[in-house]
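Trainee: Please put together the full structure from these sequences, using the hints given.
Chains as they are written, first to last, in the working numbering: chain A, 1 to 655; chain B, 656 to 1026.
In case anyone wonders, no lab produced these hints; they're calculated from the structure. Careful: at least some of the hints might be erroneous.
[What the hints assert, rightly or not] In silico BS3-like pairs for lysine-lysine, Cα to Cα no more than 25 Å straight-line:
(1) K905(B) to K51(A)
(2) K62(A) to K905(B)
(3) K60(A) to K904(B)
(4) K51(A) to K904(B)
(5) K419(A) to K530(A)
(6) K862(B) to K98(A)
(7) K905(B) to K56(A)
(8) K606(A) to K295(A)
(9) K56(A) to K904(B)
Quick caveat, the model's predicted, so the values are computed rather than measured.
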Amino acid sequence: MKSDNVIYDSETQIFNLSTRFFTLYGFLLFFFIILCIRLWHLQIIQGDVLKVISVKNRVKQKKILSPRGYILDREGRVLVDNSLVLQLTLNLQGLDPKEKEIISKKVGEILTLTPKQINDRITKSIVLNGRYFPAVIADNLTIDQAYALKLLRIEHPLINIEEFISRIYPYGASGSQLYGYVSQISKNQLDNTEVKEKNLLPGDMIGKKGVEKKWDEQIRGKDGLTYVQVDAHGRVADIDDVILEGSNLEPIRPKSGDHVMLTIDLDIQEAAHKAFQRDDKIGPRIGALVALNNKAEVLAWVSEPSFDSNQFVYGISNEDWKQLIQNPFKPLRNKVIQDNFSPGSTFKPFVGVAALEKGVIKPTTYLDSPGYFVLGRKRYHNHTKNGHGMVNIASALETSSNVFFYKLAMDLGIDEMAKYARAFGLGQATDIGIDVENPGLIPDSQWKLKNRNEAWQKGEDLVHSVGQGFIDVTPLQMALAYLAIGNEGPLYQPLVVKKILKGSDQSKVLKEFKPQLVRDLSKVNEEGFKISAETFAAIKKGLTQVGNGDRGTAKWWKIPGVPIAGKTGTSQVRAFSNDEIYKSCYSRPITDRHHGWFVGYAPADKPEIFVAVLTMHSCAGSSGSAPLARDVMEAYMRKYHPELFKTSGDNVVGL
Amino acid sequence: MDYLGPSENKRFDFNFALIILALNLVGLINLYSASGGVNAVGISRLFWQQFVWLGMGWTVFLVVTFLNYNLIKMWATQIYVVNLMFLLAVIFVGKKSLGAQRWVDLGFFRFQPSETMKVALVLVIAKILAHRIRQEGMGIKDLITPLVITMIPFAITVIQPDLGTSLLYLAVVGTILIFVKIKRSVIIAVLVTIAVALPVVWQFGLKPYQKSRVLTFISPGRDPRGAGYNSIQSKIAVGSGQIFGKGFKKGTQSQLEFLPERHTDFIFSVLSEEHGFVGSITTLALFGVLFILGLRIAQNTKDPYACIVVVGLMGIIFWHFFINIGMVMGILPIVGVPLPLISYGGSSLLTTMASLGLISSISYNRSLFQS
Chain A
1 MKSDNVIYDS ETQIFNLSTR FFTLYGFLLF FFIILCIRLW HLQIIQGDVL KVISVKNRVK
61 QKKILSPRGY ILDREGRVLV DNSLVLQLTL NLQGLDPKEK EIISKKVGEI LTLTPKQIND
121 RITKSIVLNG RYFPAVIADN LTIDQAYALK LLRIEHPLIN IEEFISRIYP YGASGSQLYG
181 YVSQISKNQL DNTEVKEKNL LPGDMIGKKG VEKKWDEQIR GKDGLTYVQV DAHGRVADID
241 DVILEGSNLE PIRPKSGDHV MLTIDLDIQE AAHKAFQRDD KIGPRIGALV ALNNKAEVLA
301 WVSEPSFDSN QFVYGISNED WKQLIQNPFK PLRNKVIQDN FSPGSTFKPF VGVAALEKGV
361 IKPTTYLDSP GYFVLGRKRY HNHTKNGHGM VNIASALETS SNVFFYKLAM DLGIDEMAKY
421 ARAFGLGQAT DIGIDVENPG LIPDSQWKLK NRNEAWQKGE DLVHSVGQGF IDVTPLQMAL
481 AYLAIGNEGP LYQPLVVKKI LKGSDQSKVL KEFKPQLVRD LSKVNEEGFK ISAETFAAIK
541 KGLTQVGNGD RGTAKWWKIP GVPIAGKTGT SQVRAFSNDE IYKSCYSRPI TDRHHGWFVG
601 YAPADKPEIF VAVLTMHSCA GSSGSAPLAR DVMEAYMRKY HPELFKTSGD NVVGL
Chain B
656 MDYLGPSENK RFDFNFALII LALNLVGLIN LYSASGGVNA VGISRLFWQQ FVWLGMGWTV
716 FLVVTFLNYN LIKMWATQIY VVNLMFLLAV IFVGKKSLGA QRWVDLGFFR FQPSETMKVA
776 LVLVIAKILA HRIRQEGMGI KDLITPLVIT MIPFAITVIQ PDLGTSLLYL AVVGTILIFV
836 KIKRSVIIAV LVTIAVALPV VWQFGLKPYQ KSRVLTFISP GRDPRGAGYN SIQSKIAVGS
896 GQIFGKGFKK GTQSQLEFLP ERHTDFIFSV LSEEHGFVGS ITTLALFGVL FILGLRIAQN
956 TKDPYACIVV VGLMGIIFWH FFINIGMVMG ILPIVGVPLP LISYGGSSLL TTMASLGLIS
1016 SISYNRSLFQ S
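Mentor: Here's what the structure looks like:
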């Protein structure tokens, strides 16, 4: 490899090379200066900024969940509970499609979920909370599942097992419209300004209906915040280091939610819920029931068909939601306050009160009640072809004579009837303060002129005197109005929330609610009238005969030793022709069948429990609704007056 | 000639050995911290493995020191050719590692021929150039053989693809050429060629991930979770160390695994984070002393071949050092280049120790040429 033109001379060559070292030292110095300047720039100039970033890198906020307060019954029994469950969450940040596929497969094997189901949960979470919030893949993990997933997490740190305080509704569908339900707040709701003020975060559970919604702020409590050190993969890392060193982050203690004690009596509630599940010829009932004590405290609340609140806690599935929405009988509606029905014959006592107070009749006035009443060219029918003969106010209520009340209406007119009905709170919101109420309507001639632009017709007086026509009420209004009759005067605002108890100490009462009297009808009211004791006595006599008289429309439903008083009623879903009118109800298609009412109280002489029942498409109040009311009253009497049942020993009642 | 054994004229450079030992210790202490962290159990396997590599490294160092380097000069061409064959073999049988084929598995040891090629290149080019040194600098004719010899391994590593290593070949050969002096006209010609070739190489020569690294280097915020992540996390680690550092084993960036490759390529960010500006400057100074001592050995030797070899080998270590630290501090793009004597890894350590052993041997035998 020697080149010919280069003569090798060691002395001169070494000399030449030694002069070249100057260049090398120059380069070395140059590059070292570059490195030193950069080091100084990063560590001294930018040091403070980068230090803060390094803290942010590893410190993550972690929510300390606050348990929601319980919903309790009047005796402190838990109606709505909490439970600590384990959830599987998946961090969507940094999740590539390949990793997602692997995780779906492996998690699916452990939890027996298909990749599609897992994918649905992820999609749903993205819709609800966006990409930066971990998706909940499964709730309620068993210990075995949680353990298997913990092992899986070693290789797939994006999955996480987290504790979660879950809402539990131990009584399922019983009372669900009243208690309501919770579910995760959605992104849309978070953007809502009203919600913004409450400092809610994605993933928070909020009350969406009933008591859970109305008292959400008290029940929810306040989540705390703590800070954890995480590694680059987002896993919580404990190393011997003061986590918050170099940061000014203060942890926030959680505040557990306050408990809401309802006036509900669990025993009565369960009896009421059970009463709808019948196996007679009408079958399980749909409709509404509300039971009050004599201070108008709600003891039981049923709206059927119902739904299981538990299915909302982890997000309701599309199929379940479709079923709820498409059900023609609307399970989500709270029929006790949100649906209006004509009261039918249960309206008659208020017409009776008006007639007695206006002097149209005396308690002893007897009127003939044949099969029909003629006004102009039109016949207005009794519900029996042959009528009831000569009846006074009490026996007219007992037999539910239409003609008797037609005759009263002829003298009273709608405006007088409406005045007294409204005095009993009918057609007006009860201000119970749970969800939206639909107040219904007690019409008068002014109303018709204004809203229908027509004059009131005399025939309409007749129709309205038996609780049909424009009259619309809710079951709760009826129960309250009958309470005013039974107790001879007091009309209450209903009470469902009794107390608010401190979350951390149940014995501490934060707020207590007392029954509020709207008015006492036995005293002269602002419109200058009152209802006399004689009138109440006459009406109550009639109501007692309904349950106990020979011709009583609810005489089949008795509690041994405890007389029931009340009134049956039929709320017509449509008008029938003269031919159709006496046709057997059960031969009609179900949606053509009338609704049945029963509103009453027990014991008849000294009322303690008031029950209003409306069963939809059950044909008649006597067979459709009265037995349900009887069951609830009996449950009440057995609980609070067990001594009355000691001798009889059996609860078998004749048909 | 006497190829083996000491004689009275020979002297072992203890200062040189001590500075190497000092850097080894810095490396070990730092590796102990870097191999710990949240997921570690006890003293890490990596630490003990590096301990073994160090033992082997020093054995190699001492053996090579007391060898007569003329033996290596004699075999330089053969070493180069065998190495070249291994390099070719890698393309066909090499193991995939970090997206590129770089290893030959010899059963007991995974051997990286592109690593040893740097040394072989220095040995063979020094042998050629030693006879062509001229006062006025070398011309094109003198450079043809060295350039061909460089371009063959360069091309192979580009194909692999291992862009970092191929650029290192150029840097090392370039360092030698500047040292032995070449004509100004040649330098200008080379610069013009590079200026023309660069856009062409960018368009057709680079793989997408390589382009992405360069782009990310220019603007790391472009993809903070992806390609720019390493660079950003490394800068955070270095910067957050501030003046005195976070303390031994207390670097959160490294212990919590925010730093990628923290025991190999990003070992210096662990050091900077935990020991701050003071520790980092001290380490740079140790390297500075190593380079100065190396260059002094080159200056003191009378043999032009030995002189070029020392400069070339120091060049290899220097460029590794500069590129690694430049990358860690975010002034150079991320290329997989370890920090000599500090990073974990047998291949790098053994090659470095062998090179240093050769320099030490040249120092030890410096009077040989005169006798």
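Trainee: All hints, please: hold or fail.
Mentor: Status of each hint after checking the structure:
1. This hinted pair checks out: K905(B) and K51(A) have alpha carbons roughly 13 Å apart, not beyond 25 Å.
2. Simply put, K62(A) and K905(B) have alpha-carbon atoms about 23 Å apart, close enough for the 25 Å limit, and the pair holds.
3. This hinted pair checks out: K60(A) and K904(B) have alpha carbons roughly 21 Å apart, not beyond 25 Å.
4. This hinted pair checks out: K51(A) and K904(B) have alpha carbons roughly 16 Å apart, not beyond 25 Å.
5. Restraint check for K419(A) and K530(A): satisfied, since their Cα atoms lie roughly 11 Å apart, inside the 25 Å limit.
6. Proposed proximity of K862(B) and K98(A) is supported: the alpha carbons are some 23 Å apart, at most 25 Å.
7. Under the criterion of a C-alpha separation no larger than 25 Å, the hint pairing K905(B) with K56(A) is consistent with the structure, at around 16 Å.
8. Among the hinted pairs, K606(A) with K295(A) is consistent with the structure: their alpha-carbon atoms are about 13 Å apart, no more than 25 Å.
9. At most 25 Å may separate the alpha-carbon atoms for a hinted pair to count; K56(A) and K904(B) meet this at roughly 19 Å.
Hint check: no violations occur; every hint is consistent with the structure.
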